[in-house]
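Counting in my numbering, the sequence shown runs from 41 upward without gaps.
These aren't lab readings, by the way, just hints derived from the structure by calculation.
It is possible that some hints are incorrect.
[To be verified] Subject to a maximum C-alpha distance of 16 Å in a straight line, what follows is the list of computed EDC-like cross-link-like pairs (lysine to aspartate or glutamate):
(1) 214 to 53
(2) 272 to 260
(3) 284 to 236
(4) 70 to 127
(5) 100 to 141
(6) 134 to 112
(7) 134 to 151
(8) 203 to 236
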Amino acid sequence: MSISDALQRFTFDGTDVRGELLGLEASIHKALERQPYPQLVKVKLAELMAGASLLSSMVKLKGRLSLQVQSDGPMKMLMAEVTNNTDLRAYASKDPGTSWENVQAERWPHDARLVITLEPDQGQRYQGIVSMHQGSLEQAIETYFQQSEQLPTRIWMARSETKLSALVLQQLPKSEQHDPDAWDRLVILADTLREDELLHLSNERILHRLFHEESVRLYDPLSLRFHCSCSKPRIGLALIQLGKSELDDIIQEQGKVSIDCQFCGQHYAFDQGDIDTLFTSH
41 MSISDALQRF TFDGTDVRGE LLGLEASIHK ALERQPYPQL VKVKLAELMA
91 GASLLSSMVK LKGRLSLQVQ SDGPMKMLMA EVTNNTDLRA YASKDPGTSW
141 ENVQAERWPH DARLVITLEP DQGQRYQGIV SMHQGSLEQA IETYFQQSEQ
191 LPTRIWMARS ETKLSALVLQ QLPKSEQHDP DAWDRLVILA DTLREDELLH
241 LSNERILHRL FHEESVRLYD PLSLRFHCSC SKPRIGLALI QLGKSELDDI
291 IQEQGKVSID CQFCGQHYAF DQGDIDTLFT SH
């Protein structure tokens, strides 16, 4: 089996081409197990989790990176984010008048836009927008790298109901190692990989299967996991923005203020004592 919930980088000696192999399984289950989404939506969120992981590694970001697919249709937004290159979470939102069962998610909506947001620990926030009119997340990310970084990039994804695997190749700027035929040669070889092989073969076997005539250098894997940063104190800070009088009215009517984390589904409840403490301590 391929390495689950990890990214593994590889390079080709004597070329300016690098690659990544990605496997996600347990983190997908943990991120989505409490959510009411139909299976097709969960597959799309898994794709976004994979895309966020790949982008975070390829742009070498220390901080937070998020991918949002926005649409004017019933499926309003799907979002995945990764922090510190390792911690993943995701959620989806729909039109309030539409049930999840009526959301069609076999393909991305024709009007969908991919919004890529990079928030480094140090430095300025960056946001890029790419149309998804071609119909796949892979092509949208490839377009992003071509437009923003001028780096030819190819992505292959394989999906099942429980797992997602991906292979990436990227042409780096020319150096003294430049092999003018390497990019075309390696992409042609990668195009022969079948989805079942990408899902089930080990990373070593995939690289041998595709590139046994090349000199490939495989690096240590980077583990990935589902992790949600929500907590009662963080939710409380957000509630303060509503104002004490509004929160008091909610408690008067409902007995408590109830909040569910949109990412993990964790339920938080605030009674009158909690609200009073919030406003006396801030």
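Status of each hint after checking the structure:
In summary, the hint linking residue 214 to residue 53 is supported, as the alpha carbons are separated by about 14 Å, within the 16 Å threshold. As the CA atoms of residue 272 and residue 260 are separated by approximately 36 Å, the hinted pair breaks the 16 Å bound. With a C-alpha separation of about 55 Å, the suggested pairing of residue 284 with residue 236 is violated against the 16 Å cut-off. Distance restraint check for residue 70 and residue 127: the Cα-Cα separation of roughly 12 Å lies within the 16 Å cut-off, and the hinted pair is therefore satisfied.
For the proposed pair residue 100 and residue 141, the alpha carbon gap of about 38 Å is over 16 Å, so the pair is violated. For a cut-off of 16 Å, the pair hint linking residue 134 to residue 112 stands: about 10 Å separates their Cα positions. Proposed proximity of residue 134 and residue 151 is supported: the alpha carbons are some 15 Å apart, at most 16 Å. In summary, the hint linking residue 203 to residue 236 is supported, as the alpha carbons are separated by about 11 Å, within the 16 Å threshold.
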